[in-house]
Structure formats: C-alpha cells, structure tokens
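J.: Fit chain D to the known structure of chain X by using the hints.
Residue numbers (full-length UniProt numbering), protein chains in the order written: chain X, 1 to 468; chain D, 1 to 468.
There may be inaccurate statements among the hints.
As the list claims (entries may be wrong) - Mimicking DSSO-like on lysine-lysine, the simulated pairs with C-alpha atoms at most 30 Å apart in a straight line are:
| # | chain 1 | residue 1 | chain 2 | residue 2 |
| --- | --- | --- | --- | --- |
| 1 | X | Lys228 | D | Lys372 |
| 2 | D | Lys372 | D | Lys434 |
| 3 | X | Lys372 | X | Lys434 |
| 4 | D | Lys168 | D | Lys228 |
| 5 | D | Lys228 | X | Lys228 |
Treat the hints as calculated values from the structure; they're not laboratory data. What you are looking at is a predicted structure, and each value in this text was computed from that prediction instead of being measured.
There are 2 protein chains.
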Amino acid sequence: MIMSRIPAAPGEAQGNLTDRLLAGLPAEAVLTDPDVTASYAHDMASFCPAGSPAVVVLPRTVEQVQHVLRTATALRVPVVAQGARTGLSGGANATDGCIVLSLTRMDRILEISPVDRIAVVEPGVVNADLARAVGEHGLSYPPDPSSWETCTIGGNIGTASGGLCCVKYGVTAEYVLGLDVVLADGRLMSTGRRTAKGVAGYDLTRLFVGSEGSLGVVVRAVLGLRPKPPRRLVLAAEFASAAAACDAVCRIMAGGHVPSLLELMDRTTVRAVNDLARMGLPESTEALLLAAFDTADPAADLAALGALCEAAGAGQVVPADDAAESELLLEARRLSLPALEAVRGTTMIDDVCVPRSRLGDLIEGVERIAGKYRLTIGVVAHAGDGNTHPTVCFDAADPDESRRARESFDEIMALGLELGGTITGEHGVGVLKKEWLAREIGPVGVEMQRAVKQVFDPLGILNPGKLF
Amino acid sequence: MIMSRIPAAPGEAQGNLTDRLLAGLPAEAVLTDPDVTASYAHDMASFCPAGSPAVVVLPRTVEQVQHVLRTATALRVPVVAQGARTGLSGGANATDGCIVLSLTRMDRILEISPVDRIAVVEPGVVNADLARAVGEHGLSYPPDPSSWETCTIGGNIGTASGGLCCVKYGVTAEYVLGLDVVLADGRLMSTGRRTAKGVAGYDLTRLFVGSEGSLGVVVRAVLGLRPKPPRRLVLAAEFASAAAACDAVCRIMAGGHVPSLLELMDRTTVRAVNDLARMGLPESTEALLLAAFDTADPAADLAALGALCEAAGAGQVVPADDAAESELLLEARRLSLPALEAVRGTTMIDDVCVPRSRLGDLIEGVERIAGKYRLTIGVVAHAGDGNTHPTVCFDAADPDESRRARESFDEIMALGLELGGTITGEHGVGVLKKEWLAREIGPVGVEMQRAVKQVFDPLGILNPGKLF
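Looking at chain X on its own, in the form it has when it is part of the complex (with noise of 0.2 Å):
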C-alpha cells in the first residue's frame, strides 16, 4: 500500500483538506494516492454507483476520528465510514470528493467479563477474532455474518448484520448493549449501558445499528455474550419440491423446535454447488434442508426435526453423526454463493425477508420471475426465519442482461412486500434498494426517519446519498 503526503489532486480544496487531516493525523494514517484511494471506493455491491474519494484516512484513536469528523464539518466534506467493506448493499460507497473514514486500525478488544458476559471492542475487531477470543472465556459472540472471517464488529453494527445462527440467537442488534459515538460534529457520545438490563431515556444504541454510518461514527461497543453452547450437529433433508421443504419449515416452526440453523438450498443452488465443486448432491434434488441443534442432546433433537421433514415429504434425511461430519454438510451452504457467482461472473443478491408461513410462496414467485425474464436466479435462505437470498446471476458486461437481472431484483422485493415482508432482513439498504425503503415504510416513515438523521447530521455530511 502506497501512503503518502502530498495529495493527489492538486486543487486548493484537496490540499486544504489534506493539510487540515495532517493536523491531527500521522502521515501514515492519510491515504491520498488515486490507486490506493480508489481501491476504497466500494463493498462487495461492485456493481452499484461509487464516487472517488478525495482521501482515506485510517485512524487508531477517538481523537483522531474527531478529528477527522470536526475537519469534515469545517470544510463541509461528506464522511463515508468503511469496516472490512463485504457489505453487499454499496452502504460503505464513496461518494465523490469524500473523506473515506476506514476504522479498520481500531480493531482492539478491550475487555471481555465472563462474568458480566461483556465485550468492549472497537469497530475494527474483525467478527471472527472476536469469536474465537470470547470462546477461549467459555463464551460466544453469535451474530455470524457468511464474512465473519473478515468483517468488522463496526460493519456489522452499522448495517444491523444477521447471520446463519440467527434462527436461534437472534441478529447483531440484539448483542449491542452501548456505544461511543463520534458525531457529526466531532463531539463524542456515550449511548446504552454496560449491565443487562437499562431503559434511561430513549434507545439511541439501537438507532444507531443499523444506521449505516448516517447519524455517527461507532467508536467503541459494549457487546453482551452468551455461554458458548455445545458443539452443533447438523441434519441434511432433501425434498421433491420446495413446497415440501417449506412446508417442513412450517411444521418444525410451528412444532415448537428451536434449531440453531434451518437452512434452505433451492434446486437452482443445488445445481451450481455441484457444478463448481463436484459435491455429489444428487441432481433430482428439488430442495435440500440443513438444520442444526446446538443442545444438550441434539442427536434427539434431530431425530424428532427429522421425523417432522419425513412427514412433510422429504425423500433422503441424513444426520451426520459427528462435528466433521456436520462440517460437510454445511459446507455445501457455504459454497451457495460463490457457486451461484460462477454461474454468470456476477450476482445480485436480494435479502427479502417473509413471514416464515410465506416462505414457499416467495419461493414459488422467485422461479416465475426468473422465467419472466430468463435469467437463473438461485435461492438460499435462512429458512427458519424467512429470510430469503434470491441471488440473481448475470453477466454484467451485457447490458440488456444487466438491465432484465436488475428489473428481477426489484420485482422480488415487491413480491417480498406483497407477501407481508421486508425489502431486507439482513443487508441494508444502501444504496441499492433505496427507491424500495420508501416503499415499504411509506411517507410518513421517511419524512421522520429524515428528520431524525436531520437532527444527528445537520449538514448532511455522514454518508450521503445512502438510505433515503
């Protein structure tokens, strides 16, 4: 990585700015080379619009990040605050002229309580370091993003991220007890609490996950931990129809079962993991369900979730019967995505969210509308909680493709809508489906949620552009 001095752009404004970050920054810390800058610029959403920032600062201290928010509210600079960028919603994109504010550096875990069941972290901690530390306490940090290996705690607060556990445990925000927020005008802010339980005044901690990086800059979290459970064993089911594996969702739902996972692989999935990875998933598969217990006796616990998918009507039930096993299992949902990328070089991937009764339907529509426009559009879902990834596979050098993949995203989320649903369970908004946030909260939603970011961003200096 090249760091330098002298700013690239040689404008008056550039230098200024530059100059004014150099005031409280180290030289190391301010990132002003085009090349580098520009490998900034964008998450995983490769595809959605992203500016050139003017400069990437990477800040190790509160201070120096409010600094860099005083700096920016002097001279009117937009701030856009990135983690590890695997967002997939373009929330961390640059916008043009933009100070890219990367917490990457402030990635200490500052305590972690077995008794209080406590972390204090800041937002650079990469999700996994953070997992296998609490687990050396005999504690666990579920929230597991698919990029836990590589996003930060910060990212997953600002975009408010789930994971495959969540069925059970519940997604990021629930885990987030308090917070040192940065504003937009330099000043800090302690949100929240470090006990159990606390309801002074009104709950900014939980507006601020989720917010993605448009009301302040996360500076520091109070994380509540669990037990770590034991070990998980995992069940695979494979249905003739997706009807039928939804169907067994329902019965195992409404049967009062609490699996850790309950995962959903539709026959499009199916097929392209075999493809990339020769798994020997047989090719009648129409739906393939994995289901995890994390209990004191899971392989009972399975047995009975396995009794309930046989009655829905699902062809072979294997239960691994040991971790390795259950390993192997799970790594055919892991190979989802990339599988489904190889299909066509690039993937938009939808995270509409149902009530799980309306699983199957989403399901269903998802296939029509994949006819409609002659696309192959692959769904993995957190079945358990009706959070669907209808991912649309395309070629994005084609532009009529482009344009058919893009106008299937959309009626996906339309039909989520439909059906009593989210535009997104899990991703953001970003810039991606911001048009649909106003759909589904309507206008008197919007008109307070921008009266809200008015309150804590005055200027409209944090991430603009995104949400609304």
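T.: Chain D only, in chain X's frame:
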C-alpha cells in the same frame, strides 16, 4: 364510574376541548367528572407530583386515537397516555389540564401465529391475558413484570418493562417487532416488521419502546413469541451474608449457566416477609437466593447450581421437588414488595442495575446508606441481571422521614452510577428520576434526546415534563 357529556370545568377552553373530543368519540368514552378524572391522575408512584386532568378519554379504535391527537394538536393541549397505571416512576402521571388518553379499552388480541411466532395486539391487552392466550397455542410471551396480571402491553412498551425471567429471556424491547403509532399531529405511522428479521431504515420501533408516551401513542404492536418452555423447577439457597450470595451469582453466571430466574432477597426483605406472612424463613438468613430452570432436565441443572451455591458458602440449599413446591418458594419473592410496604406504609422503589460483578458492592452500599439515613431499606434483586430494587420504607406523613427517604433514594442512584450501572433497569425515568437521567447520559446525550423528542413532538404536547 360516572360518565358525563357535560364538562365539569365550566370554562370556555374546557368546553371547547370536550366538545371537540366529542365530535369524534362516543359520549361514554369522554369522562369529565372531576371525581372520576382525579382517579386517573397518577400511577403507582403515588408520592410523585401529579396534576389534574381536564378530561379522560377511552377510545376503542385507531381513528378515535387519531381524533384525540388531532384535537390536542389543534388546541395545544397536553396528552398523557396511560395503560393500567402500574408504573413505578410517575411516567403516566397527569399534568394539569391534560387529556388523559387511556388505552385500556383497546384490548383485542388481533392475531396469534404459531408458525410465524408472533402476536398482533392492541395496547390495552393485559400482559397475563396475552400470556394465557398464546399459551393455548404452545407459545409464550416471556416478559413478566410483577404486575403482569393487571399491566397492559402498551404500558410495558412505554416503560420498556422487564420482569423475573429477563435473565434468560430478555426484556420487552426484544419482543417488539413492529408498531403502529399515532403521531402528535394525529397521523398514523407504521414501524418495523412482522418478520423474524428486518433492517429497513432506522430502528424507530425501538425508539418508541421505553419512550414513556413522549414520542407518539402506540395503537398496535407486533410481538415476537417463543415456544412454551417446560415447567420450571425452583431452588432456594440461604446465605450467612449478602456478599456470599452475590459471589454465588457470579459463579453461576461465569460458569455458563442459564437459569430462567435468579432472584435475591436481603435480610431486611426476608424479615419483612416473615413479619407479613409468617412464612417461617429462618431469621438468621442474611440473603436468600432463588433460582429456576425451565430446561429439559431442570433437576440436574439445579443440582449443578446448588453445588456452586454451596461452594460460595450457602448454609441450606433447598431444591423443589415439583411445580407446587416451586411456586411455594417463589411466594416469598412475590410477597417482598407488599411486605416492605407494610413496614412504614409507603415505599420508594429504586431500580438501579449494575454489572452483576458489582452486585455485592451495591448491596453493601445500600446497607450503609440505610444506616446513614436511619431508614429501613430492603433489597430485592433480579440478581442474574444485576438489577436491584432497593426499597426505601417511609412514613409519607412524616416530612423529615420523607425527606430522608428521597435523599437515600438519590444516593442509591449515585452509587449505582459510580459502580458502572444505570439508574433504571426496567421501571423507566418518569418524573421520579428526571434529574438523574441527565447525570447518567451526560449533556450531549440529553441534547440529542431532546432533539429527537422535538422531531416527533414539535409542540411539546406528548407527556410533557417526563424524562427530561
């Protein structure tokens, strides 16, 4: 209850208000008899200041609530929303000349879905009625404030209330998925979702939870449910010191146990219960710990927990053999507040929550404060959450004792903050802890909270004088 179309106060303003309310409400829903309206003046914190309502309205529909708010906005009349008025901080106390908006008649359970694990309810539904109704579908609604047989879901949402089972199942906030809210100007806004997950825009749902009627009026809530757990089994452990009991709590939590209840009663409380109910608790008890599990094998879990209590120095450890014995053990806990109330006629109940590692320090400090102010202060605590209710017993007819009671009450909050805790774990701020909210969240926090209030209530008509 006396109903009247005729305004009690003969003034023109009062007449105008009542007439305009009657334009959109049936006569039986508009109460103006001063003897009747006075009975709506305050919640259970009877010693907190309360004004005289101009009128009490009891709407049955969303449209009627909208009419009330439109009228209030047009005439600039304050609106105080109320549920069952079981709150303990004066949050539902009337202000002079206000409209008391009682939501108790909007008490329909609109939907219960075992597959989606949600209930959709109106705000006036009584907590226990909901618990029983969902129980018939094999589901549970966990939040269980002590007043659950009378308190309403709307009140629970307004105060973000807790209960006995929070240590395992969390608080009200974690079960509120979506809301319909009537804004100050009468417009209707929907927030959140009816799906298991959802991150579309800012989390306004959580902003309303615990906002004490100061941002809008909840008229419908989508609540998350859980499968009904197995029947719980309870254990009682008796300690020769509060410090030893707190040590046991720390060992239990650090040991990765997840009891569904973990309560503590100090010596003062144990004696008060003995005095009230002759339960025959040993008078030598310095602290009593009650624990429960609702797991598949609660006896085994209780045995492990009992061993930790013994390691921490417990004298007697008494596990219940069955549900009946369990309920008997919990009876002492349920009688704690009535018993402490009987000591001097009135109580002021603190709600300090500290990191559970500091629980022992808090209880020791409360004992010191009781001595300093020559008062009886009993501590009952949701020990597993570090959420304590130091209960100051005083004679409200004695001005000096009342003054000392208030001073000791405040000193306990100061101690809670000093120990890294919060002034309120589950009862809210109301009027009782207004000055203390500012001390806890600091000037920047107060400024931002006030600004958020301004967004939703620009005229300041919603429950004025509460929170800050």
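J.: So which of the earlier hints does this model not fit?
T.: 1
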